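We have chain Y already, so just place chain V on it with the hints.
There are 2 protein chains.
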Amino acid sequence: MSYQTQMQAARQGVVTPQMEQVLGEEKISREDLLARTASGRIAIPANRKHVNLRARGIGQGLSTKVNVNLGVSEDCCNISLELDKVRRAIELKADAIMDLSTFGATREFRRRTIDLSPVMIGTVPVYDAVARYGKDVPAISVDEFFETVKIHAEDGVDFVTIHAGLTQMAVARLRQSPRLTHVVSRGGSVLLHWMTANERENPFYEHFDRLLEICRQYDVTISLGDGLRPGSLHDATDAAQIQELIVLGELTLRAWKADVQVMIEGPGHVPLNEIAANMLLEKKLCHGAPFYVLGPLVTDVAPGYDHITSAIGGAIAGAHGADFLCYVTPAEHLRLPDMDDMKEGIVAARIAAHAADIAKGLPGAIEWDHAMSHARKELDWPRMMELAIDPEKARAYRASSQPQDEQVCTMCGDLCAVKRSRQVLEGR
Amino acid sequence: MSYQTQMQAARQGVVTPQMEQVLGEEKISREDLLARTASGRIAIPANRKHVNLRARGIGQGLSTKVNVNLGVSEDCCNISLELDKVRRAIELKADAIMDLSTFGATREFRRRTIDLSPVMIGTVPVYDAVARYGKDVPAISVDEFFETVKIHAEDGVDFVTIHAGLTQMAVARLRQSPRLTHVVSRGGSVLLHWMTANERENPFYEHFDRLLEICRQYDVTISLGDGLRPGSLHDATDAAQIQELIVLGELTLRAWKADVQVMIEGPGHVPLNEIAANMLLEKKLCHGAPFYVLGPLVTDVAPGYDHITSAIGGAIAGAHGADFLCYVTPAEHLRLPDMDDMKEGIVAARIAAHAADIAKGLPGAIEWDHAMSHARKELDWPRMMELAIDPEKARAYRASSQPQDEQVCTMCGDLCAVKRSRQVLEGR
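In order, the protein sequence lines correspond to chains Y and V. According to the working numbering, the first sequence is numbered sequentially starting from 1. According to the working numbering, the second sequence is numbered sequentially starting from 429.
You may find that some hints are simply not true.
[To be verified] Reference listing, derived: stretches of chain Y covered by chain V, where coverage requires no fewer than 3 residues with Cβ under 8 Å from a Cβ of chain V: (1) 188 to 196; (2) 271 to 285; (3) 350 to 356; (4) 372 to 378; (5) 401 to 410.
If you are wondering where the hints come from, they were derived from the structure by calculation, not from laboratory data. Being a predicted model, the structure only gives us computed values, none of them experimental. Beta carbons are placed, not taken as given, at the ideal position from N, Cα and C, and that holds for glycine.
Just chain Y, with the same shape it has in the complex (with noise of 0.2 Å):
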């Protein structure tokens, strides 16, 4: 090959087997894909080692990707739970998985997730330094830090979180400025604290060039990480959250340079009336990177529903150019998630994907709808069931309330509009 990364290949007009699996799944030319790889609109995370993955597309003119959380802690250590969980978002069709893995035998949890999914796999690697060494976060190497992400790309690992905005400067406006909630990024508050007690600059800034060498080397996309994202509405669009956006979005350019893709990760909790500028000023200081958003979580006070209060901020998210959802469970802020939890968060963010891709205009995302709804006035169930987004929990309802009149459903029953309107409009 005489490319090391997509986007080399798209500069050189290289078509690479990763875009057209890209060209298989979505509505877009080969010229406007390779045009918006070559400039960084596009991402196609693809680590070279990662050899069973089905590349997938993230950014402009894309379908909105969708993203699921695991991995092993102190908490909750059984691998093969955790392999379980693999299997079943694959199944549910996330788009990527991120291991978050924290404790434990985290380098075979990673591996055997890797070589088990075709879905692109993201991490951490500040995480697993914590894990990997053992030791306090001040103690931990500048070597150390990047000998873990060297560890990552070679195990495979298609996109890397990196809060590398995070800088002395960012932080000082954070202590100007002080925060309801401070910093909620795990990433962020390790970095933070390496920096406070070192007194050093965030490593990853200060040797960036370090990191672009290995994620060139292996086809790395490195997810810029947001430190700083705000963790209540109190704090949304602060001073210390667009200073390290305005960061990444001078990092984007030196990784652009370098051949090397990047995403650009969001915010967090966000009032729904701030939703739109957030998007606008992402694009704008970062140069239409793809936005890989966590939530945005619209209100603090639901616990136990934060799937559906980051499904209603990540449908606005996206139709206003947000590229990623990070899913969010219902037991965010609470627990970790279990496997009803992963799945009810896997779906509730598909469902403002689709609502965004809807939003947007994709083409093809509305016909979805059409046949849907076609099916309805056809009161054709099995149908219906079909094309549910959840077709089990669908079929389980159905199922579980038989009507008299098996053309309708308990809803209406005898009043069902469907069938009424059909027979006074159509005769039949």
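Just chain V, lined up with the frame of chain Y:
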């Protein structure tokens, strides 16, 4: 009393006991409440016979309200079970309950519901006319339709849905631009059936003054129904829907002239990017009358999750001016909702309403979020549970997964960013 309706009182400058109750719950000045009730921008549904009502206002400058649908039907005619739902809905902080009974002892259920409800009660008399007279729809007489409305008013119903805008002219538009899903409103389809079979105009349109007379006498608020609301994304914002809305605007002015309070009912299934325009249209064409939306659902493909699709649409609708959200449950399009479905539906709608209130800048709304986020920063778990929109579910989740360190939760465990950043930034 020198007034028949809240609107008439407001026009006389009289602050009624019901307005005092509204003032006790909302951050609005006496002057604004009077002026907006007088002009119709706020409705206070409060039947003079509903003696145990704690009145709430719906409209400009007030918090977004949430309605719950329930009732007895052919497939679910257990009165005591439905009355349990009424009690539970009140406990879960529904602002209104619509009794949509369609079969059996509808009057007994309605009266008992009103007796035990401090929240406002709405009905759709047309459903009951079908149940009550047991006739084929076309055989119901005009007098019987109005007799049913009169009985509901007499029983103490605070607002009635009347699809008076579904005129022959609107039906002509419907036939001219065929839809994917025709008419999905039950009341709308019954009237369409009646009008087509009898070749007559909509009786509630033709004899609108007769309706006003009843509503004025008891102070029943008319919720002008959208018989032609879209039942699929495909049919959203089409000529038939907007034609009906124009007529509803004309009827609104006639009602206001008679001191009768009005709300307007709205869609339905609407793509995310069309919601704002729908809100604007209603406010313009209906002269600022409160808007009561059913959804809108932002995709058709998610049966089993329509509490989520409607929470997305409802939040956006509310942020753009909708005043009152009808809940949708996970059972929508599949079966009658059970108790669990009802709870999911209420909480989802309350989340949407609150997110909208924050977006609208409703005084006091975001303070709830700030209190929750403060508790989060303090790792004050009992307070978080207290403040949660559903403390029951939040507590169950927390209890099901005890962390090793009880200050944090199992989501992040030792990597808790809140704890770490507080230590770094506040030294505690």
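Here is how each hint holds up against the structure:
{"no.": "1", "hint": "188 to 196", "verdict": "holds (count 6)"}
{"no.": "2", "hint": "271 to 285", "verdict": "holds (count 3)"}
{"no.": "3", "hint": "350 to 356", "verdict": "holds (count 5)"}
{"no.": "4", "hint": "372 to 378", "verdict": "holds (count 5)"}
{"no.": "5", "hint": "401 to 410", "verdict": "holds (count 5)"}
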